[in-house]
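Undergrad: Build out the structure end to end from the sequences listed, making use of the hints.
Number of protein chains: 2
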Amino acid sequence: MVDIEHLQFGLETFGDIVANEDGSLQTAAASIRQIVREGKLADDLGIDVFGVGEHHRPDYSVSSPETVLAAISAVTKQVKLATAVTVLSSDDPVRVYERFATLDALSNGRAQVMLGRGSFTESFPLFGYDLTDYDDLFNEKLGLYDALRNEKAVTWSGKFRAALKNQEVYPKTENGKLETYIGIGGSPESVIRAVNFGYKVIIAIIGGQASRFKPYIELYHAAAKELGKPEFPIAVHSHGFIADDEDEAVEVAFKNIKANFDRIGLTRGWAPMSREQFEGETKVGSFYVGDPETVARRMAATIDLLDLGRFDLVYGAGNQTAAQRERMIELYGTKVIPRVKEILTEKAAVK
Amino acid sequence: MVDIEHLQFGLETFGDIVANEDGSLQTAAASIRQIVREGKLADDLGIDVFGVGEHHRPDYSVSSPETVLAAISAVTKQVKLATAVTVLSSDDPVRVYERFATLDALSNGRAQVMLGRGSFTESFPLFGYDLTDYDDLFNEKLGLYDALRNEKAVTWSGKFRAALKNQEVYPKTENGKLETYIGIGGSPESVIRAVNFGYKVIIAIIGGQASRFKPYIELYHAAAKELGKPEFPIAVHSHGFIADDEDEAVEVAFKNIKANFDRIGLTRGWAPMSREQFEGETKVGSFYVGDPETVARRMAATIDLLDLGRFDLVYGAGNQTAAQRERMIELYGTKVIPRVKEILTEKAAVK
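Sequences listed follow chains A and B, in order.
Using the UniProt record's numbering, you'd call the opening residue of the first sequence number 1 and step up by one each time.
Using the UniProt record's numbering, you'd call the opening residue of the second sequence number 1 and step up by one each time.
Quick caveat, the hints were computed from the structure, so don't treat them as lab data.
Honestly, I wouldn't trust all of these hints.
Here are a few chain A residues that face chain B, going by a calculated C-beta distance under 7 Å [claimed, not checked]:
1) 63
2) 105
3) 128
When the alpha-carbon atoms are kept at most 25 Å apart in a straight line, the in silico DSS-like pairs for lysine-lysine are as follows [to be verified]:
4) A/159 with B/159
5) B/40 with A/40
6) B/80 with B/172
7) B/165 with A/159
8) A/172 with A/80
Where a beta carbon is used, it is the ideal one built from N, C-alpha and C, also for glycine.
TA: This is the structure in C-alpha cells:
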C-alpha cells in the first residue's frame, strides 16, 4: 500500500529549447536560465525533487547538468537536485563523483545522482566510445562509481578507463555517501543490477500502459529480499503537461510532444505520432496531460497500481513558452500534488 | 603606461580548507559554501573577477571549479567567473567547453576560461595520464579546445583523446566565443604558445621579485606584433593577505602561507619557509601582505613596473578563518583597490 506520508513528487526537464510567445526559439543559454527560474519555482512550491537531463544535441540546452543544478542550489532551500539521467557510460566516474560531491556540498546534502546508460547515443562518438560496448561500459563504470561512492582509497582497473592505485577522490561528502539511483528503461537485467548494487531505482515510462512495468517492480522487490539487499520504494518518471483548461492542455501537449517525439523518431525509425496514438497515451498510456483534476487522477492511479514511492513528471517537452512551463509547474505544485494525495487517501480509506 | 580606467582587479582562491575560530578545520563541503559567500561578497564590492582553483587533494576543497562558479553565478550580478586554473592537460576539452558554455549561459556571459598545465600533479594518475607527456598533452588539448571554441563543427584527431568527425558541441554561447586566458608560470615557450593561439595571458608570480617577469611580458608584446596576433593587457596573480593592522596581517599570513608552502614543499623538495624568506617576499618579493596601505603601495608598484591590465590577488592560503578571509576581501574591495588607482593616478601625473 502506498505510503502517502512519504510519497515524493518531482519535476524533471530534459532542457528543451524554450519558445518565445511568437513561436521563435530562445537561445540555449536563455533556456538554461529559464531552467534555473523553474528550479527556484519548484523549491518555492515545496516540490521534492528537481531533475535536469543530459543531452549533447542542438534541440536540448543542457550538456552539463550538474553545472545547471549548482546554480539552482544557490537559490533554493529544500528541493533535491537530480539529473535525469547522467549518462555514466560515456562519462568518467571520477569526474561524476567530484561534480556531484561538489553539488552536494553547495546544496547542504541535496544532490541526487541518477545514473543511466542514456537513451540518446550522441555522447558515444563525442567521447570516443563504441555503441557495441553499451552494456560493458555501463557495468564497468558503475563498478568504479560504486567504489568511489564509499569515499575511501580506491584501487581499481578496467577496460575503458585508466586504473586507480590507492587513490582518494575529493571533496568527501558530509553524509559519507552520495544518494544514488539507477535509471531503468525496463529490462530484467537492469533491475537485478540495481538490486545488486543496493541502489534505488527510477523507471522511465515514456509510453504504453504503466501496468506493463508491474513485473519489473515485483522482480525488484523479490530480488532484494532473496539477495538480502536494501529495498527502496520505486520511483517512476513520465512525460506530462498541465494547463488550467483541459482542451488547452491537450492541444499544447499534442503539438509539442508530437514535434519532440517525431524529431527523435527520425533517427530511430519511429513513425510520426498520430493524434490517436497521442490520445491513447493521455487516456490509458503514459502521458499525464490535462487540467489538474485529470492529471491528478491519472497519476494517483499509476502510483496506486505500481505502489510507488516517488513520481517525477517530465515537463517542457518540445518548444513550450516560459509561461506555459511555469504555469504547469505552479499547477503541479499547488493543485495536482495535493489532489493526488487526497485521492490516494480516499482510496486507502475504502480498502 | 598603465590604463588606469580599464585596470581590473580580481580575487582568486585555491579552495583551501577554512578553519574555525578554535583552529579546528571545517569540512571541505563547508569550505565550498564559504567560497560561494565570498564570491557574492566580491560581487557586492564591485571586484572585477572571482577565480576558483582546481585541485584533487585533501587540503583543497575544489576539484570541480565550474560547479562552484555556477552556484556563485546565481547570486552575483557583475563579477567575472574564472578558474585558477583549469588543468586542461588532464581534462577533456569537450567537457571543459560544455561546462564553461553552461556557466557562461548561467551568468549571462561572465565565464572566463583560464587554461593551464597545472602546478600540482595529482590529476595525472587520477585521470590516467603520464607526467612525461606533460607538454604534449597540453599542446594537443589546447588545439582541440581552440577548435571547439569556434563553436562550429569540428573534425579533429590526436594522440590522447578520441577523434571527432564533424561533431558539434552544445550549448553554443551567446557571444559566439568563450573568453579565454592561458595561465603561464614563466617560460618563453608558454608565452609564444599563448600568442600563437591569440589568447590572453595571466602570469602566476608566486615568489621572487616581480621584475624578473618583465622579459616575458616584453616577449609577449614583441611576439604578438611580429606574428600579427591580437595583443591584450597582461594579467598577473600573486598571493596576499590584508588585515586592518599591519602586524596582525604579517602574523596571520606567515603562519598560514608558511604552513601551506611547507606542506606542498614536502612533495617537491622545498626547504621549510624561514621567517627571513617570508619577509623578503612581503618586502620586495611576491607576497602582498600587510595593512591596506602597504598592500596598495606594493600592488601599484608591480602594476606600474609590469604595465599590467589586471591584478588578481590569491587569498585564503592555508587554514584561515572565515572572518579573516571575509575581512581581507572587504579591505581589498573598499580600501586597497581605490588606493592602488589613486597611487597610479598620482604617479601618472608626475610622469
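Undergrad: Is the Cα-Cα distance between residue 159 of chain A and residue 159 of chain B 25 Å or less?
TA: Between residue 159 of chain A and residue 159 of chain B the Cα gap is close to 18 Å, so the pair holds against 25 Å.
Undergrad: Please work out if residue 80 of chain B and residue 172 of chain B have their alpha carbons no farther apart than 25 Å.
TA: Since the Cα atoms of residue 80 of chain B and residue 172 of chain B sit roughly 19 Å apart, the hinted pair holds (cutoff 25 Å).
Undergrad: Does residue 40 of chain B pair with residue 40 of chain A here, judged by a C-alpha cut-off of 25 Å?
TA: holds, 18 Å
Undergrad: Against chain B, run the beta carbon of residue 105 of chain A and see if the smallest gap drops under 7 Å.
TA: OK, holds: residue 105 of chain A within 7 Å of chain B, min 3 Å.
Undergrad: Does the nearest C-beta of chain B fall within a distance shorter than 7 Å of the C-beta of residue 128 of chain A?
TA: The hint holds - residue 128 of chain A has a Cβ within 7 Å of chain B, the shortest such distance being about 2 Å.
Undergrad: Given a cut of 7 Å on the nearest C-beta pair, is the interface hint for residue 63 of chain A held or broken against chain B?
TA: holds, 4 Å
Undergrad: Holds or violated: residue 165 of chain B with residue 159 of chain A, Cα cutoff 25 Å?
TA: At roughly 24 Å apart (the allowed maximum being 25 Å), residue 159 of chain A and residue 165 of chain B satisfy the hint.
Undergrad: Is it true that the CA of residue 172 of chain A sits at most 25 Å from the CA of residue 80 of chain A?
TA: holds, 19 Å
In summary, this structure violates none of the numbered hints.
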